[in-house]
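A.B. asks: Residue-level listing of the chains:
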Amino acid sequence: MNPLPALAAAASEKATQSGPTLAVSDLRISAKRDRKSVELLRGVSFHVASGETLALVGESGCGKSITSLAVMGLLAPGLSMSGEVALTDAGGRIDLVALSAAERRKLCGRRLGMIFQEPMTSLNPMQRVGDQIAETLTTHGICSRQEAARRAVAMLDRMGIADPGRRALALPHELSGGMRQRVMIAMAMIGEPDLLIADEPTTALDVTVQAQILELIRDLSRERGMATLFISHDLAVVADIADRVAVMYAGEIVETGPIDQVLDAPLHPYTIGLIASRPALSTERRARLSAIFGAVPEPGRRPQGCAFHPRCSLAKPGLCDVGDVPLKRFDGRDVRCLRVGERVQA
Amino acid sequence: MSIANVTSTSDRAPEKVPDARWLGLLKGLWRHRLGRAGCIVLAVLVLVAAGADWLAPHDPTEIYYDYILVAPDSRFWFGTDELGRDIFSRVLFGARVSLQVVAAAVALSLVIGAAVGLISGYAGAWIDNGLMRVMDGLMAFPALVLALAIVAVLGPDLLNAMIAIAVVNTPGFARLVRGETLVVRELDYVQAARAMGASPLRIVARHVWPSVSGNVLVYGSLKASAALITESALSFLGLGVQPPTPSWGYMLATGMQYTQAWWMSIFPGLAIFLTVLGLNLIGDAARDVIDPRTQR
Chain A
1 MNPLPALAAA ASEKATQSGP TLAVSDLRIS AKRDRKSVEL LRGVSFHVAS
51 GETLALVGES GCGKSITSLA VMGLLAPGLS MSGEVALTDA GGRIDLVALS
101 AAERRKLCGR RLGMIFQEPM TSLNPMQRVG DQIAETLTTH GICSRQEAAR
151 RAVAMLDRMG IADPGRRALA LPHELSGGMR QRVMIAMAMI GEPDLLIADE
201 PTTALDVTVQ AQILELIRDL SRERGMATLF ISHDLAVVAD IADRVAVMYA
251 GEIVETGPID QVLDAPLHPY TIGLIASRPA LSTERRARLS AIFGAVPEPG
301 RRPQGCAFHP RCSLAKPGLC DVGDVPLKRF DGRDVRCLRV GERVQA
Chain B
1001 MSIANVTSTS DRAPEKVPDA RWLGLLKGLW RHRLGRAGCI VLAVLVLVAA
1051 GADWLAPHDP TEIYYDYILV APDSRFWFGT DELGRDIFSR VLFGARVSLQ
1101 VVAAAVALSL VIGAAVGLIS GYAGAWIDNG LMRVMDGLMA FPALVLALAI
1151 VAVLGPDLLN AMIAIAVVNT PGFARLVRGE TLVVRELDYV QAARAMGASP
1201 LRIVARHVWP SVSGNVLVYG SLKASAALIT ESALSFLGLG VQPPTPSWGY
1251 MLATGMQYTQ AWWMSIFPGL AIFLTVLGLN LIGDAARDVI DPRTQR
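If you're matching them up, the sequences are chains A and B in order. Just so you know, the first sequence maps onto residues 1 to 346 in the numbering used here. Just so you know, the second sequence maps onto residues 1001 to 1296 in the numbering used here.
So that you can see chain A by itself, here it is in the shape it has in the complex (with noise of 0.2 Å):
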């Protein structure tokens, strides 16, 4: 299921070494509400090589489209954000942060790609498909409009379309939601980049076009050679397609390795709960699945301590609710738990 776990592993042993194409680190987001600032996502690092996708997992709000959004620059805004995003490849290395609008146009749709979540509200209903997806290539004047329009063609046919030359005419309410995804997913691919973002692509659609669109996904971003960050709040859609995961809660990561350690074995009792929580189709009728109790702390009522402490089970009083938990090296993964080490003894 994971030909790459060495390279993986690799990758997260050295970071510079192999080259990743994405750095993230110390990413701060934080917005101003009634005159305070609260803080969204609190110090997230984490990087992607070539060929490698690294998934993001997590609840509704846990901040895992919000540090899509900020490596793509499309943060809303009233945020402020600190930390470092970093492309890098044979060229060298651009700091993200730092870029001006325009320059950072310059590389949206050609270094970074992003798939987003809704297929049915991201095209524009009023221009045809194939105009929108032969768009990103000549916003960045890449070539002519001709051949603009012919390789939209390709790509279309590229992402299994069939008829790909009457199709690239439809406009998006005469497609179906897994063309249309299909079509997002061209866009984001036809200006070939490096970083590959998709936001929750498959959470539209019914499990059996899912299933497509991960493989086409995967199979492209294999085939180029580019790094993918995937954000999810669905395991079994991480399990199939990551090589690495980053379980995220309440602005943090919690627990970051390889994705089959991570769901065989999870260290971080958010994790486990989150892993537990899946139903299974053996599961019993009317057996109850089992829940994380309480609820994800809003921002800015996040307790003192582990944010996860108040719903854990394992929570030590004295322990958990005081200071900041540090990502713990353990087992070949990083853990944000102050009982790992003990847990696994005992």
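Hint data in this document are derived by calculation from the structure and do not stem from the laboratory. Predicted model only: the values in this text are computed from it and were never measured. Take these hints with a grain of salt, some might be off.
[What the hints assert, rightly or not] Facing chain B, from chain A, some residues (calculated, C-beta under 8 Å):
id: 1; residue: L75
id: 2; residue: R105
id: 3; residue: K106
id: 4; residue: S122
id: 5; residue: M126
id: 6; residue: V207
id: 7; residue: F293
[What the hints assert, rightly or not] Residues from chain A that face chain B, not an exhaustive set, calculated with beta carbons under 10 Å:
id: 8; residue: G109
id: 9; residue: L112
id: 10; residue: M114
id: 11; residue: N124
id: 12; residue: H140
id: 13; residue: M184
id: 14; residue: A188
id: 15; residue: A291
Cβ atoms here follow ideal geometry from the backbone N, Cα and C, with glycine treated the same way.
Assemble the complex: chain A is given as a structure, and chain B must be docked to it using the hints.
C.D. replies: Then chain B, alone, in the frame of chain A:
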């Protein structure tokens, strides 16, 4: 390849295909009962204005001294005015003036208002604040009073009346477009355009304006009737078209002094009424066609 199913809604409702939306709008208007009536009224008016030279039985400025204040008869269909001019001919030529002023004024305020609204709505921040406060300032005055003030400053003639009407109508367009822009710029596909590196100018031109333009057009057709009334009022007060050029508003104004000669005010009044009615019908119908929720 197996999921190549197409839901073909296009052949069922061709007027809803947004890509051919101008043509679609016209077709929709024609299909709409009241819209069709409005179109016919307006088309007749345009033909009358264009063909006034051939249609008019008399020169609109020619004075027949022997026929002052003659009631409608077979020679002067709408009667004559206090100087002995043929009212029918003057009404025909008046259409030319009125439609010109209305079309030019509305087009001007639409272009300026849309530009202000798009910039304001998309740029936001202090640009938005600055532009909108100016628009609010213009809106704070009653339309006619402001138009009067502008004409008073510029001097009374047809061109200045047009400018005044355009200025008075601009804030409405600006506000409408700004409001729509605020909504559209947050839509997913605008975000997607940003993600592919499109410049703000490109996003506004290719993604925002096409989504906004339909409503602007509807608003424009409704505003056209208001502009006609303002034009009539200005001419009525002697600040618009200068005599002897015929204008409906001016004719109405002079007619008021001769109450026994009812034909002097009835016919230009009727012309104004019909034009406003036609424009309003088209405006209402266009709104129905563009927004399927309000459809009958």
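A.B. asks: All hints, please: hold or fail.
C.D. replies: Comparing the hints with the structure gives:
no. : hint : result
1   : L75  : violated (11 Å)
2   : R105 : holds (5 Å)
3   : K106 : holds (7 Å)
4   : S122 : holds (4 Å)
5   : M126 : holds (4 Å)
6   : V207 : violated (13 Å)
7   : F293 : violated (34 Å)
8   : G109 : holds (4 Å)
9   : L112 : holds (8 Å)
10  : M114 : holds (4 Å)
11  : N124 : holds (4 Å)
12  : H140 : holds (6 Å)
13  : M184 : holds (8 Å)
14  : A188 : holds (8 Å)
15  : A291 : violated (31 Å)
The structure shown violates the earlier hints numbered 1, 6, 7 and 15.
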